[in-house]
Structures are given as structure tokens and as C-alpha cells.
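2 protein chains.
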Amino acid sequence: MSSFLPKSIQNLIDEFSRLPGIGPKTAERLAIHLLHSPHTRIKDLGDSVLNMKDGVEFCSRCWHLADQDPCNICSDQERQQGTICVVENVLDVVAIEKSRSFRGVYHVLHGVLSPIDGIGPEDLKLYDLEKRVKEGGIKEIILAVNPSVEGETTALYIGKMLKPYEGVRVTRIARGLPVGGELGYADESTISRAMTGRMGVE
Amino acid sequence: MSSFLPKSIQNLIDEFSRLPGIGPKTAERLAIHLLHSPHTRIKDLGDSVLNMKDGVEFCSRCWHLADQDPCNICSDQERQQGTICVVENVLDVVAIEKSRSFRGVYHVLHGVLSPIDGIGPEDLKLYDLEKRVKEGGIKEIILAVNPSVEGETTALYIGKMLKPYEGVRVTRIARGLPVGGELGYADESTISRAMTGRMGVE
Chain A
1 MSSFLPKSIQ NLIDEFSRLP GIGPKTAERL AIHLLHSPHT RIKDLGDSVL
51 NMKDGVEFCS RCWHLADQDP CNICSDQERQ QGTICVVENV LDVVAIEKSR
101 SFRGVYHVLH GVLSPIDGIG PEDLKLYDLE KRVKEGGIKE IILAVNPSVE
151 GETTALYIGK MLKPYEGVRV TRIARGLPVG GELGYADEST ISRAMTGRMG
201 VE
Chain E
1001 MSSFLPKSIQ NLIDEFSRLP GIGPKTAERL AIHLLHSPHT RIKDLGDSVL
1051 NMKDGVEFCS RCWHLADQDP CNICSDQERQ QGTICVVENV LDVVAIEKSR
1101 SFRGVYHVLH GVLSPIDGIG PEDLKLYDLE KRVKEGGIKE IILAVNPSVE
1151 GETTALYIGK MLKPYEGVRV TRIARGLPVG GELGYADEST ISRAMTGRMG
1201 VE
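As they're listed, the protein sequences go chains A and E. Residue numbers are given in the numbering used here: position 130 of the first sequence equals residue 130, and the series is strictly consecutive. Positions in the second sequence are counted from 1; adding 1000 to them yields the numbering used here.
You may find that some hints are simply not true.
With a Cα cut of at most 35 Å, we get these calculated DSBU-like pairs of lysine-lysine [to be verified]:
#1 E:Lys1139 to A:Lys125
#2 E:Lys1043 to A:Lys7
#3 A:Lys7 to E:Lys1053
#4 E:Lys1163 to E:Lys1131
#5 A:Lys160 to A:Lys134
#6 E:Lys1125 to E:Lys1098
#7 E:Lys1163 to E:Lys1134
#8 E:Lys1043 to A:Lys139
#9 A:Lys98 to E:Lys1098
Stretch by stretch, here's where chain A covers chain E in the computed footprint (C-beta under 8 Å, at least three residues) [unchecked claim]:
#10 1088-1101
#11 1153-1163
Cβ-to-Cβ under 8 Å is the rule here; a few derived chain A residues that face chain E [to be verified]:
#12 Leu65
#13 Ile119
#14 Val201
Because the hints were derived from the structure by calculation, they are not lab data. We put the CB at the ideal spot given by N, CA and C, even for glycine.
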């Protein structure tokens, strides 16, 4: 399709359109908004995109994104290092931290078991979780995976995997979350309720 | 608020959040999506933001955004240079061009009259429009401003401004039900406009 805008602006619109959830109309509006913004705003946005990976690494304990290894959370001795909350991805950590309902540490799986998509245990950080439990000092594993089919499967798998480790309680955050909903979209008090209402996995 | 993500990623989330229509959750999702994208995607987006104004200027005739002055549309002799469609902003030009329903030229006002916001005739490209009409050769001015209060005011103003120029027809694009729209869902003033603007069935 021929463009009705200058090439450099059309380029930006095309790039915006490739982002998830941003359609062509929204992309146009964003580009025109930026065009009318001060030069420093444009530079700040462009630079922050280009520099987004600077100094970013994964924590080798919990696999959360971090500025250093181990991450702030894992190296915080005021947090309960014996309580691990298992989540699917880094945004789940952010959501739970914002709810201020948890003072333990995390373990980010980076996905869930999904045979249909060919995602098995070896594609997730599952064995790293078992390793942490094996090292001892863990009292409770809170499963905060999403209540989807894949999430349930993953929870069951972890429950089985950790069964041999006596003294480690495996719990699940309560179904305060609507079924089919996603943790990252839940409001803070819902997450907080779900956290306090956690129950044992049989 | 303290951040739960590395600084460079939080920077990007903050920048995304400052864009219109993008809330903090969407910004987080966009940033994490980019983090998992190939390096070239990130570079393409960052560069296209930084370079968005390269070679962009306004056409000194119609005030549309252009790669050169006059713009492609104004310098296209196959288009009816005597028919000017007056729009509020550059995205309106893009929308009309995409509809392929107009073969004349444009005049971008860059806003509408809005006394409340302190926007008067001198803040828009109104006098430039009159200048084009004064220069002669214009047969029709089609007002395609939005049907808002400010749009109506602007249309009335232009109608008055161009009254002295005989032989120049001033028209307004039709307002009514959108194609695919349903009567039951339309608001009252749209139905009212559609009713008064009715046309004979040939």
C-alpha cells in the first residue's frame, strides 16, 4: 500500500504496528502524538528502546530479571528465604510485589507446561526449582501459576516433583482469581486475597 | 514507587506509559515483549523513533506532512486542484486517502476553533485557506471537519469567511449512519442528522 505520510513517519507507524495490541490506527495516533512532542521526549523514548537491555540479566537463583545477580529480592535477608512463590513470568513477580502481600522469594518458570506447544519440563526452570528445594532450608512452595489448563498441569507436575521432599509444604494461591483470568491483569487486592487464602496441594 | 524490574526496562515502561492510550500494564507488556524480541527489532523501533522527523516538513500549500514541498498531492496534476477538502489534522488526510473517494487536494487546519482552549482563527491555517481561494481557480471547498461543537463552529466560521468569494461553492461532508451501523445503536443527533440529510433514491 502506498503511504500518505512521509517515509520516516510511516516507518515509525509500521514499527509501532508490529507491537502486540497496537493496531494501525493506534500506531498512527502514537506517531503523530510524538511528532508534536518536544525533541527531548522523542529522544528519551528512542534511547530507552535502544538501551533497554543494558545491564539486564537474569537472577541465577530465581530467574527474575535483575540489575545484578543474585537479584535484590534473593539477596534481601529481611525476606523469608524459605518461602518460594512460583510464577510463570517476570510480570507476575511485578504484580505480586505491587500487591505487597508477599515477603518471601520467587521462582520464575518462564512459561508453563504445554504439550500442544511442545513445551515440556526441560523448557522451564523446573529442575532449578527442585535444586533449590534439594539444597534445603525451604519450608513452603507457593504455586502462583495462572488458573489455566496449562497452569493446572504445571501445578500438578510441581506437586508430584516435590512430594519426596518432606517438610516442604506445597500450597496454591486461592481461586480469588477469576478462572481464565491472568495474574498480570488482576488488581492488587484480588492478588492479596488469593495470597492469604492459599491452600495445600493434595 | 520503587521498581521491581531492572532500571533500563523500567525506563522504557515509563516512556511507553507517557504515550496516549497506553497504561502501565500495557507498557509493561510491550517492554517484556520487546525484551524477548530479536535485537534487530529493538534497534529498528529505537532508530525509527529517533529518526522520525528526518526529512519531514509541512507542505506550504496544504500544510499536510510531506517529504518535499509542495507535497505529492499538491503537485499531482492529475488531481483536481480546484477542489479543496478542509480537514482538522494530517490523520484525516490519511483516512480520506485510504477511502479512495476523493481526487482533489487538501487543506489541513491543524486544529479547530475552541474559545475555551483559547484557540482562535490565528492559531489555525485559516488565513492560508483564504489566501488560496483569493488566488483563484478554486471551485469547491469541502468541509470535512468533525461533527463536534468546535467542528461546527469552525465550519460556520469558514462559511462566513469565504462568503465574499463568488463562484466558490462551500459544502460539508454528509453526516448520518456509518456503513454497517445499526439504527438502534446510533445516538439521537446522528439519527437526526441522517434524517435531515436524506436523499432521493434513484
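Checked hints:
no.	hint	verdict
1	E:Lys1139 to A:Lys125	71 Å, violated
2	E:Lys1043 to A:Lys7	18 Å, holds
3	A:Lys7 to E:Lys1053	10 Å, holds
4	E:Lys1163 to E:Lys1131	14 Å, holds
5	A:Lys160 to A:Lys134	14 Å, holds
6	E:Lys1125 to E:Lys1098	23 Å, holds
7	E:Lys1163 to E:Lys1134	12 Å, holds
8	E:Lys1043 to A:Lys139	44 Å, violated
9	A:Lys98 to E:Lys1098	44 Å, violated
10	1088-1101	holds (count 7)
11	1153-1163	violated (count 0)
12	Leu65	5 Å, holds
13	Ile119	15 Å, violated
14	Val201	26 Å, violated
Of the numbered hints stated above, those contradicted by the structure are hints 1, 8, 9, 11, 13, 14, listed in ascending order.
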